[in-house]
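> Following the hints, put chains B and C in place on chain A, whose structure we already have.
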Amino acid sequence: MNFREYKIGSRFFALALGGSMTITLFMPSLDIGSVSATEIAMDKQLWAGHESGFSLEDPLLLGWHKPYKVLLKADPKTGQPMDPTYAYVYEKGTPFPGGILHPDNLGPAAKKLSIDKGHILEANKNAGAVFMVKSEDQKQYYIENATATLGWTPEGVLKTAGDENTQHAAAGKSLFVREGCWWCHTLLPEQTQDWQVFGAPPMLGDFNGESPTAFGSDRKAPDILHVASRNASKEWMMLHFFNPRLVQPHSIMPRFDYLWGPVDASGKKIDFAKWRAEYNEYREGKRITPPEVPMYASNSEIRNLIDFVMNLK
Amino acid sequence: MSWKMDAPMVTLSDDATTLKNEALWEKEDLGGLTEDNNPIPKPVIWLVVLTVITAFLVTAPLWGQRPTAALYQSYVDSMDKPEVMAAKDDEDAMKMIVAMNKGTSNDALLERHPLTMDDLRMIKDQVKALEAKGVDMKDYTVVGNHVVIANFEGNYRPDGTRIRQQPWWDKGYTIDLFYLSYFFLAVFLIVKRLPPTTWQPRHGHGSH
Amino acid sequence: MLKYLMARNEDIPPGSSAVYWGFSAIVWFVIGTGLGAFNAAKLAFPDFVTGLEFLSFGHMRQVHVMAVIFGWISMAFGMAMMYITPALGNTKLWSEKLGLWNAFLWNVGLSLGLTVLWWGMNSGREYSDFPWFIDLYILCFMCIPLGINVWMTIIHRKTQGIYTTNWFFAAGTFMISIVLIVGNLPEYFHLTGLTEAYLTWWNAHNILGLWITPVAAAIAYYTIPKVTGNPLYSHRIGHLHFWSVVVFYSTPAAHHLMSAPLPEWLKSFASVEGVLILVPAIAFVSNILMTMQGKWNMFVENLEIRFTVTGCLMAIPLNMQGGFQQTRAINWYIHGTGWIVAHAHLALLGFSTFLEVAAVYLGMQTIMKRKLWSLTLGNIHFWFLLIGFTTYWVSMTIAGLIQGAGKIYEVPYIDVVIAEHPYMIARWLGGSLVFTGNCFWLFNMWMTARAGTVIPQGRMPHELAYER
Numbered sequence: 064m065n066f067r068e069y070k071i072g073s074r075f076f077a078l079a080l081g082g083s084m085t086i087t088l089f090m091p092s093l094d095i096g097s098v099s100a101t102e103i104a105m106d107k108q109l110w111a112g113h114e115s116g117f118s119l120e121d122p123l124l125l126g127w128h129k130p131y132k133v134l135l136k137a138d139p140k141t142g143q144p145m146d147p148t149y150a151y152v153y154e155k156g157t158p159f160p161g162g163i164l165h166p167d168n169l170g171p172a173a174k175k176l177s178i179d180k181g182h183i184l185e186a187n188k189n190a191g192a193v194f195m196v197k198s199e200d201q202k203q204y205y206i207e208n209a210t211a212t213l214g215w216t217p218e219g220v221l222k223t224a225g226d227e228n229t230q231h232a233a234a235g236k237s238l239f240v241r242e243g244c245w246w247c248h249t250l251l252p253e254q255t256q257d258w259q260v261f262g263a264p265p266m267l268g269d270f271n272g273e274s275p276t277a278f279g280s281d282r283k284a285p286d287i288l289h290v291a292s293r294n295a296s297k298e299w300m301m302l303h304f305f306n307p308r309l310v311q312p313h314s315i316m317p318r319f320d321y322l323w324g325p326v327d328a329s330g331k332k333i334d335f336a337k338w339r340a341e342y343n344e345y346r347e348g349k350r351i352t353p354p355e356v357p358m359y360a361s362n363s364e365i366r367n368l369i370d371f372v373m374n375l376k
Numbered sequence: 013m014s015w016k017m018d019a020p021m022v023t024l025s026d027d028a029t030t031l032k033n034e035a036l037w038e039k040e041d042l043g044g045l046t047e048d049n050n051p052i053p054k055p056v057i058w059l060v061v062l063t064v065i066t067a068f069l070v071t072a073p074l075w076g077q078r079p080t081a082a083l084y085q086s087y088v089d090s091m092d093k094p095e096v097m098a099a100k101d102d103e104d105a106m107k108m109i110v111a112m113n114k115g116t117s118n119d120a121l122l123e124r125h126p127l128t129m130d131d132l133r134m135i136k137d138q139v140k141a142l143e144a145k146g147v148d149m150k151d152y153t154v155v156g157n158h159v160v161i162a163n164f165e166g167n168y169r170p171d172g173t174r175i176r177q178q179p180w181w182d183k184g185y186t187i188d189l190f191y192l193s194y195f196f197l198a199v200f201l202i203v204k205r206l207p208p209t210t211w212q213p214r215h216g217h218g219s220h
Numbered sequence: 006m007l008k009y010l011m012a013r014n015e016d017i018p019p020g021s022s023a024v025y026w027g028f029s030a031i032v033w034f035v036i037g038t039g040l041g042a043f044n045a046a047k048l049a050f051p052d053f054v055t056g057l058e059f060l061s062f063g064h065m066r067q068v069h070v071m072a073v074i075f076g077w078i079s080m081a082f083g084m085a086m087m088y089i090t091p092a093l094g095n096t097k098l099w100s101e102k103l104g105l106w107n108a109f110l111w112n113v114g115l116s117l118g119l120t121v122l123w124w125g126m127n128s129g130r131e132y133s134d135f136p137w138f139i140d141l142y143i144l145c146f147m148c149i150p151l152g153i154n155v156w157m158t159i160i161h162r163k164t165q166g167i168y169t170t171n172w173f174f175a176a177g178t179f180m181i182s183i184v185l186i187v188g189n190l191p192e193y194f195h196l197t198g199l200t201e202a203y204l205t206w207w208n209a210h211n212i213l214g215l216w217i218t219p220v221a222a223a224i225a226y227y228t229i230p231k232v233t234g235n236p237l238y239s240h241r242i243g244h245l246h247f248w249s250v251v252v253f254y255s256t257p258a259a260h261h262l263m264s265a266p267l268p269e270w271l272k273s274f275a276s277v278e279g280v281l282i283l284v285p286a287i288a289f290v291s292n293i294l295m296t297m298q299g300k301w302n303m304f305v306e307n308l309e310i311r312f313t314v315t316g317c318l319m320a321i322p323l324n325m326q327g328g329f330q331q332t333r334a335i336n337w338y339i340h341g342t343g344w345i346v347a348h349a350h351l352a353l354l355g356f357s358t359f360l361e362v363a364a365v366y367l368g369m370q371t372i373m374k375r376k377l378w379s380l381t382l383g384n385i386h387f388w389f390l391l392i393g394f395t396t397y398w399v400s401m402t403i404a405g406l407i408q409g410a411g412k413i414y415e416v417p418y419i420d421v422v423i424a425e426h427p428y429m430i431a432r433w434l435g436g437s438l439v440f441t442g443n444c445f446w447l448f449n450m451w452m453t454a455r456a457g458t459v460i461p462q463g464r465m466p467h468e469l470a471y472e473r
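In order, the protein sequences belong to chains A, B and C. The opening residue of the first sequence carries number 64 in my numbering; numbering runs sequentially from there. The opening residue of the second sequence carries number 13 in my numbering; numbering runs sequentially from there. The opening residue of the third sequence carries number 6 in my numbering; numbering runs sequentially from there.
Just chain A, same shape as in the assembly (with noise of 0.2 Å):
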C-alpha cells in the first residue's frame, strides 16, 4: 500500500519542538551562565556542601559525608585567639559543592580570586579541606582554601571551635528535603510587599552552586528564607517542632518528636508514650502546664536540622 509518511509533519513537528527548546533552554542558559555568585551564594553552598536530597554518598538523606559551619574564635593552627569567624569544614570524603568543583560556577571574577588567591583547586576530597569566605574590598568575594592558604585541617578545626560552635547545617538541609518541610515552608518570598513578613526575595547570584534549590511552590505556611532573622531562638524552634502546638496554639504543623531519637541530652530514654499522654490531659484541661519538652541529644537528627534553620537568614 502506499502509505502517506507524513514527510512534512515530522520536520514541522521537529522544527516546532527544536525551536521551543531553542528559545527557553538555550537561549536563557547563556543568561542564568553570566551570573556572578555572591556573598550569599558562597556561604549558602559552602554550608550546604555538594547535594541535599538523594545522592551516592548520602542515599536514605541521613545526613553522611555532609560539611560543617563552625565558629572560630582562636587560631587552629596556634590556638591564639582571633576575630570570630565562620569556616567551613569538609572531613575526608566529603564531597565538595558546585563552586569548588565547577570554579566557572562563581562567575568570573570571583572564580579568578578564589583560584589566584584561595587556592580553592588544590582542595583535595580524599584529604579533606576548610573553606572560607574572603573579600578584601567588601565588594567582591571570593572562596579560600585555607588548608592551603593557612593550613589549616579539619581536625584541628573542629577541635578548635568545639561542638557548641559547629553547625550542622548541611545535614539539616536534607533533612528539610527528607521530611519534607518544603511541601508547606517555601523557600522563595515573592516579588511583593510581602518582605514585611517573610523577608526580602532572593537576589540574582544567590543560588550558584546550590542544589537543590528546594523552592517549594505549595505554601501553607510562612516562607522561611529568612526565618532566623525573624526568630533565632533555638529554644523557640525546639518547643516547635515538639510539638508545634506548644508555642503556637492553631498551627497545622505536624510534630517532629521523632527526629529526637531515643534519647534525650542527659543519655535518658525519652518516654514518647508518657508524653502524648501528658500532653492530651494538658489539652483537655486536666493539667496546668504542658509537660517538659526534652533536651535534644547534641547528635539527634533535631539539632541538624535546627542548626539548618539558624543559618536561614
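No lab work stands behind these hints, which were simulated from the structure alone. We treat Cβ as the ideally placed atom computed from N, Cα and C, and that holds for glycine. Heads up, none of these hints are tricks.
If you only want the chain A side, here are some residues facing chain C, beta carbon under 8 Å, derived:
#1 Leu80
#2 Gly161
#3 Met266
#4 Ala277
#5 Pro317
#6 Phe335
Coordinates of chains B and C only, in the frame set by chain A:
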C-alpha cells in the same frame, strides 16, 4: 507539487493535489472513526485573535511589583519641609507628605505601596546617597528597609551598566512576535493544503 | 495476565495488555486518592496520626502526587494507547507481549519508586522527586517502551492516514521521553543553582503540558466520535490544536518562577506564551462540542459521554485559570497559595481524569466484551467524583484567595491558617468522596470482568441495555 494561488483563501493546492487528497480521504477508514472537512469556525478564529491580543496586553508589566526608589524620592525630599517637621505626630506628618505629592503620574503606585514615617526614615539616607551618586533611581527597588539594585536584567546602557527596570517591552516580546508569526503561517499553510472545505468526504458510504 | 508474560506474542489474546494496564490504573487511582484523602485529613487535623515518621505529611505528600501522575493518569493513558492506537490503524497492537511487560515493569518500577520516596529518598525537586536511578528507570523501562509500541503500531497501520488521536499519542510518548531526559539533567549531571531550579520547573510544566494535557484530549477525540457515531467535526481544528500544543504549551515553563531572578525577557516571553495555551484549549473544546451536535441526549444517557463532556467542559475554567494566573499581575497575588492547588486538581482530577475514566470504562467493556456490571455504581462513581472534586476545588480556591489576601495585606500568617481551617475540612471531605467513588469503581470493574453481560461480536457496549 505546485500551489494554486489565484484563490488562496480557499486552497493552496493545485487541482491534481486536491483530487489526490480527496481520493485519500474517501479511502481512509481510521478504525471506524472519520473526520469532517469543515472549516475552522469564524468564532474560533476570532477567539484565537482575541487571545493573541489579550496575551500581549495582559502580560505587559503595567503593574510593577516592587516600588522603585524613584517613587519615594519626592516623599524623602518632603520630609525636610518645615511644615512636615512641625507636624504634631508621625501620622499627621505622613498625611501631609502624601497630600503634598498628589497629582503626579505616580499617584496609583504610591497608593498601592503606602509607607509610614518610620519606613521613610529607614530609607531616607540610602535614597539620598543614591541621589548623590547620580544613578537612575528607577534601577533601585525598596525592599523592606533596604534600597537595593533591582532584580531585572535589561539592556546595556552606553556606559556599560545594565538597565534594571521592569521593561514594558523587551527581547521576550520580540521573540514572541516572531514565534507567533511562524506558528500562524505554518498552520495557515497546513490547513490550506487540505482539500477545499466545499467538499465533504463520503465516510464509508462510498464505493471503496 | 501474568501467565502471558512468558507466552509467545502470537499466543497472547489481543487486548490483554490493555486490560492489565486498565486494572493497574484503577488500583493506582484508588491508592493515589486514598493517600490524598489521608494527607488532606492531616492538614485539617494535624494530630490525626502523629509521631510516626512514615505516616507524616512530609513523607506522604509526594507519594500521593507521583502515584496519581505516574500510576493512575499515565497508566490510564497506557491503557488507552494499547487499544485505541491499533483500533485507529485497523490493525493489531505491534506487540502485546511488550505491552504486558511494559505494564508489569511500570507497576514494579512505580512501586519501588514510591517506596523509596516514602522512605525519604527525595531528590528535592518538585514533580521530579524520585532519585535519579528511578528517573532513569521511568524513562528506559516505562516511557520509551510505551512509545515504541505506539510508534510501531502506527507505522504498521492498515489505513492511509493517521487519525488525530494517534498524532497526539505518537507525539506525546515522544515528548515525555525528551522531557524526562532534559528535565532530569540536573540530577544526572548535578547542575546547580538557578539552572537546577529552572529545569525543575521546565520538567514539571512539560509533564503536564506535553504529556497529560495533549494525551487526555486525544482520548476525547476518540471517545466522542466512537460512541456518538458522529465524525470529528473538523480535521482542520485538529491541526490547530495539535500544533498549538507543541508550539505554545512547551514554552511557558518560566511562569512557574515569576519571583525568582530569572532573566526578565524569559518571563515576558513565557507569560505571553502562557496566555496562548488558550489556543489549543479553544480548538479542543470547540471541536469536541461541535462533534456532539445532534447527540446531546447522550450527555445525559451515556456514562462515557457524560464523563468525557464533563471533562471537556472543565477544560474551559482550567485554561482560563492557567492562561491568566501566570501573568505578572495575577501571579503576584495567587502564587504559592491554595488557588494553585485547586488549579492543579482541576487539571488532573477534573479535566484529565474525567476523560481517562471514560476511556477506561469504554475500553474495558469493549476488550473484555462485557457490559458494565452496574450502571447504578457507574452513576454513583460519576457523581462522587464530580461532587468530591467540586467541593475540593471550590474550597481550595477560596482558601487560596484568603491566603493571597493575607499575603498582600500582611496579615499574620497564623490568622490565615485559622481562616483556612473550614476549607481544609471541606477539602478532606471532597477528597474522601473521590476515594470512596473510586472504591466503588474498582468493585464495579471487577464484577464487570467476572459477571458482566456478554457483548455479542460486532456490537458496541453502549448498544446494549444495562441489567443492573
